[in-house]
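Trainee: Sequence:
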Amino acid sequence: MTKKINDFLNSTTMYRLVLYGLALLSTLAIVLSFAGDLYQSGLSLIFSALILLVTCQTSNKLLAWLFKTAANTESSLITALILFLILPPAQTTSGSWILILAAALAMSSKYLLAILEKHLFNPAAVSVLILSLLGISRASWWIGIGNWILIGATLFLGLLIVKKIRRFSMFFAFLASASAVIFFVAHSGDYPITKLLWELSFLWPTIFFASIMFTEPFTTPPSGRLQVAYGVMVGLLFGWPFKIGFLYSSPELALVAGNLFSYIVSPKYKLRLKLKERLEVGRNIFEFIFLPNKAFSFVPGQYLEWTLPHPRPDSRGNRRYFTVASSPTEQDVRIGVKIPMKASSFKTALRAMRPGANLVATQLAGDFILPKNLDKKIIGIAGGIGITPFRSMVKAMLDREEKRDFVIFYTCAHPSEFVFGKIFKKAKPLGVRLKYVITDPENTPQKWDGHTGFLNSEIISTDCPDFLDRKFFLSGPNTMVDTYRRVLKKMGVSGWNIITDYFPGY
Numbered sequence: 000m001t002k003k004i005n006d007f008l009n010s011t012t013m014y015r016l017v018l019y020g021l022a023l024l025s026t027l028a029i030v031l032s033f034a035g036d037l038y039q040s041g042l043s044l045i046f047s048a049l050i051l052l053v054t055c056q057t058s059n060k061l062l063a064w065l066f067k068t069a070a071n072t073e074s075s076l077i078t079a080l081i082l083f084l085i086l087p088p089a090q091t092t093s094g095s096w097i098l099i100l101a102a103a104l105a106m107s108s109k110y111l112l113a114i115l116e117k118h119l120f121n122p123a124a125v126s127v128l129i130l131s132l133l134g135i136s137r138a139s140w141w142i143g144i145g146n147w148i149l150i151g152a153t154l155f156l157g158l159l160i161v162k163k164i165r166r167f168s169m170f171f172a173f174l175a176s177a178s179a180v181i182f183f184v185a186h187s188g189d190y191p192i193t194k195l196l197w198e199l200s201f202l203w204p205t206i207f208f209a210s211i212m213f214t215e216p217f218t219t220p221p222s223g224r225l226q227v228a229y230g231v232m233v234g235l236l237f238g239w240p241f242k243i244g245f246l247y248s249s250p251e252l253a254l255v256a257g258n259l260f261s262y263i264v265s266p267k268y269k270l271r272l273k274l275k276e277r278l279e280v281g282r283n284i285f286e287f288i289f290l291p292n293k294a295f296s297f298v299p300g301q302y303l304e305w306t307l308p309h310p311r312p313d314s315r316g317n318r319r320y321f322t323v324a325s326s327p328t329e330q331d332v333r334i335g336v337k338i339p340m341k342a343s344s345f346k347t348a349l350r351a352m353r354p355g356a357n358l359v360a361t362q363l364a365g366d367f368i369l370p371k372n373l374d375k376k377i378i379g380i381a382g383g384i385g386i387t388p389f390r391s392m393v394k395a396m397l398d399r400e401e402k403r404d405f406v407i408f409y410t411c412a413h414p415s416e417f418v419f420g421k422i423f424k425k426a427k428p429l430g431v432r433l434k435y436v437i438t439d440p441e442n443t444p445q446k447w448d449g450h451t452g453f454l455n456s457e458i459i460s461t462d463c464p465d466f467l468d469r470k471f472f473l474s475g476p477n478t479m480v481d482t483y484r485r486v487l488k489k490m491g492v493s494g495w496n497i498i499t500d501y502f503p504g505y
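Under numbering that gives the first Met the number 0, the letters of the sequence shown match residues 0 to 505, in that order.
Calculated directly from the structure, the hints in this document are not laboratory data.
List of simulated lysine-lysine pairs, DSSO-like, C-alpha gap at most 27 angstroms:
| no. | residue 1 | residue 2 |
| --- | --- | --- |
| 1 | K375 | K488 |
| 2 | K371 | K267 |
| 3 | K67 | K273 |
| 4 | K489 | K376 |
| 5 | K67 | K269 |
| 6 | K117 | K293 |
| 7 | K424 | K402 |
| 8 | K425 | K446 |
| 9 | K371 | K470 |
| 10 | K427 | K371 |
Put together the whole structure using the sequences plus the hints.
Mentor: Shown next as structure tokens:
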């Protein structure tokens, strides 16, 4: 069962998972309303959903045209469905206008409440907060209240999303801090703990808020430690009841305040990149070299979200996460991508790009970063195109003349898939040792001095007898990374010494 879930999560993007999940959740709510299990009218729910979907789509396209940027259909649909699930459904004409206003405010916030083309707030949260402050309407959060079928479905979807983006530390930091504050306040007022637990689970929007709205990558901090701090902060504001003038505690206020913190500690730019050169560096492996519209700083091993609008995108959409393969010491921005003959619409469009074509990159993030201590010994394990972060790291070492004891096991099914060899060879005097591994023995050339077959514990311990003193960096397909994590733990390597390269929207 776990394998099936992992395979499903690996086959879809984060945005499509959220979009389809919210669509199914909304459909379930409408069915339950017609069955008499919800107090909302089924017809009013359908009418409200249509209003929000149409308004979000229309206003998003209009604003994108005005601001001369690409409209993101997935994002607007997700926002519409979130608003549908947290706002009271329209029962009257005035209720319809409130939903139209909410949708328009949410979409406008992405363009107007933005600095350097980076929007500051979760669109749905800031829209609801503005309506509340103006005294027009308040969120009812009806999706998270009362009906155990909806709550169970929300919990299942929420856990899938958190697992997909691997934000468990942030998720549990929020739950822990929010629960601690709520229990403290309840204990101070002699509120029954059992009743409080029931209300937290069934009468509060905790599950929906924590797993679906709070985890939005675009408005969360870029690194693990900052994400935990973000979770604690939002949790405290979520759980603490307060009123300061016209401001009073609410989930949407907690999230908007957290978004401000996230903006302060996050990179603040959107890169517009012009393709300079496209090189086929291996079998079905392409290196794309871009000219950025502005200088930007990053640490080797970090990634960006890349958006490439193209006609008729398939179910995986028009956005991907790729590690920056270039070094911060280089002016160009590089990525390495494996593109098979039968590829997704995104990769097909990427392969078809010609010099002068443009795309956009945002959301610099990632903790796949070498330790600052140059004396710390490192082992890297790269699977296929997972070599790209190591290319960035080693090129930076070369340009900065940094020395490290750095062993990299580079695994591919066929020798024609090995890339960037010259850079690694040039870095040998700096302490970089590259160990090639052909995983398919049938593809091994006659004169081969590398390893063959599965990279097992025997090979690792033989080539690196001091492996327990080293920090491991794993980069490649999810299944490969998970497999080698298990191998290393069986070898006695502490989980603290295993760093994995993972993208939230793989």
